[in-house]
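S.K.: What follows is each chain in one-letter form.
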Amino acid sequence: MESKQPKVNPFAIEVRGVTHAYNGHKVLHDLNLSIPKGEIFGFLGHNGAGKTTTISILTTLLRQTAGTVRIAGYDTLEESMDVRKRIGYLPENVTFYNDLTAYENLAYFARLSGIKHVDAKIDETLTFLDFEGVKHKKLKTFSKGMRQRIGIAQAILHDPSVLFLDEPTSGLDPMGIKNLRDIILRLNRERGMTIFMNTHLLSEVGKTCTSIGVLSMGKLIYMDTMERTLNRFPDEASLEGIYVRMETAEMS
Amino acid sequence: MILSETSPLRTIIGHELRALVREGTFSALLGIFLAVTLFSVFIGWSTRSTTLAIYATTVATLNGAGVSHVAPNPLLGVSTLAIFNNLIIYMLLVGALLAIVIGHRSFVRDRRSGVIQLLLSRPAGRPFYIAGKLCGTGIALLSVLLGMFAVSSASTLFIPSLHLSGGEFLSLSAFYGVSFIYLSFFTALGLLFGVYMPNESMSLLLPIIAWIAIVFILPELSTGQNPVALLNPVTLAHAPQALGTFFSSARAILSPFSFGQDYVALALHFLRINSETFNIGALFKLAAAGLAADAACVFALWKYSAAADQIL
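Here the protein sequences come in this chain order: Z and W. Going by the numbering used here, the first sequence opens with residue 80, and the numbers climb by one from there. Going by the numbering used here, the second sequence opens with residue 23, and the numbers climb by one from there.
Once the Cα atoms are required to be at most 20 Å apart in a straight line, the calculated DMTMM-like pairs of lysine to aspartate or glutamate come out as:
#1 Z:Lys219 x W:Glu45
#2 Z:Lys214 x Z:Asp178
#3 Z:Lys216 x W:Glu45
#4 Z:Lys298 x Z:Asp109
#5 Z:Lys217 x W:Glu45
Just so you know, these hints were derived from the structure itself, not from any lab.
Only chain W is shown next, with the shape it has when bound in the complex:
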């Protein structure tokens, strides 16, 4: 069995997780991530409660003043899942960084400790080593997201008047699912640069630059035609358009690579905040980007482990 107790794949995956947990950088980022998850739920709940309280006070005041026809509660049409709204931005920022660290450390750890040749000289060999790296980093990322899911789900149990229905739990799971797909791309990016760049600092800096480009620069350029889209997602049809051809050209060229924007659109849909921006193509695009990055990692790891230069 490929995942039996003595299988090399299981051994490598187990080692990846153990080694990662022992490292300070990962543990610190994980702690921050879980804390912001809790914090974001609190902020979401607090905002909702404040709005409801203000509405109730206003209704009471108006009723006291003899006004009988009051506008309906504005939160009635808003899903309870909207309290997780802030998680989207945390995923985009801290989550992507954590994903890069997971991928980056996975290979750099082996190179720094000089064990790559040793590992490849074991009977398990190169295919298991590469598969173990990809599965190990994937499971590490999945564990982080499961932890967040547990924290966010559990927190709703302790908040008064906040109950998620079965459907809402499914939607929340789908949100974490799409977050996993989005973050997998960054894990692979961290691993890829870790393999290609012999300089450890540069190998971490470059995926961070790529992350800045994907999360900040590309959306800015590709939504320049539709300047309010990032702040307040609205469909293009309703948004004011920028003048000139620069932004429309930039949008045409760069929007296919603007994964951050795609992720936000999908996350807003799964958290039932805004479904107007939903596009199933974006989901396939995120998955394709992740798979392409994984394929690049397989190629890089294979090439690295077979390269004569590193053996000399």
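Isolated chain Z (complex conformation):
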């Protein structure tokens, strides 16, 4: 990987005045986010709120109509290659190549990420994920949870500083959700990774995230640390109640 001096910046993700429109229809309105390094950020919102559009912009897949985005200090439009080297991404509903083995799938993404010692890196990553035994098995034999773990593996192979997860718990059984939560917490704790997670599962947000943002109809209606959020709504028993109150207030 090309060695470029890392930029000194306290924020892993900085979004300033981002607006995005499809065919004249605005789906994001003046979005502003500042996520410090080392956070696990839960991005909440109903279907069609603009969460996936946001993650697509943050991962350089989509050019915003207006505004700036910096990931690890690099501008997503001007320095997209530098951004891509520093991010890991797991889109929603990725199944990977069924006819290839776990190793072949991971090696493909590892090489595309510019990793030189592919075998060693795959072994190291699978060991970190407690997933060593499956290296030479074809993905068509994998469960949804196992595939998701391969998805995480491909996203962290190149040691990114920021990891983007789009609905990572979608379709997982309770055990799969718990395993994924443990992995996310370990990545954050042991590797210092900043994690940006789009999700619907509020119970998981409460157990995993250190801060949250709520997007409603393309507007960021709330953003704060998890601790302050829970203190701000002491009468609500769960995060779900808090979320419903926010959405209802916005709608009205």
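Let chain Z serve as the given structure and place chain W on it in line with the hints.
M.R.: Chain W only, in chain Z's frame:
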């Protein structure tokens, strides 16, 4: 280096080939294709040997009956390469289908596995992804044809009294070269429909319909003026002409798109079976059609990967 061991282009090409070989449809078609190659050589050799044997028997009978002036061996003027005659029709039919499958699977595989966004988020990015797709499918097709070339060349080594000269080997190579150009068009067509049609079955059905039109319907309409041309290629000057203006008009309009006919004419020339139909313009036309289809693929892939709709 663009093709160094760690280059994204080489990685994507390698992945294309690996993924294709693992798929049942491709492997089955490839097996069939190699088998028919062997079979066609056998049929060609058998036909030639039978004709020679009948000629020898006839000459012996006539000589026995006191006839001393016998007509010369009719195969003396026919190139040994004529034993590969049946390959032309197999290329037109099975080859084009295989080419469509190669192109179609290349993109549909990525879409089905949901990895397109993931691939585009890697440092290699869109240009390498598109170049990798085109080169990968091209190399896959080339590998198939090299396999066929190896099978057809090797088979001549095991057939008694059948030896190809250096010039004939070159001609056989040129035949596979022109086959590659012809089939590249169908590979690009498969890829193009794979990108444009979200429905997987339709995206395979439509290039097959286009193939039927190009290989069967267009030649029928454009040679309707010259009805025997498809069965027994002869020059227009010697062929009986159809009556009326329909077929002459159809020919004028449709013959530029009748790539199958152009391919047959070129293949017959390179296999030294019939050079009367050879037209260098047809070669450029096939190449131009392939390049145009490739350009359409680049545009479609670029547009698809940049499209907001698929990201939403």
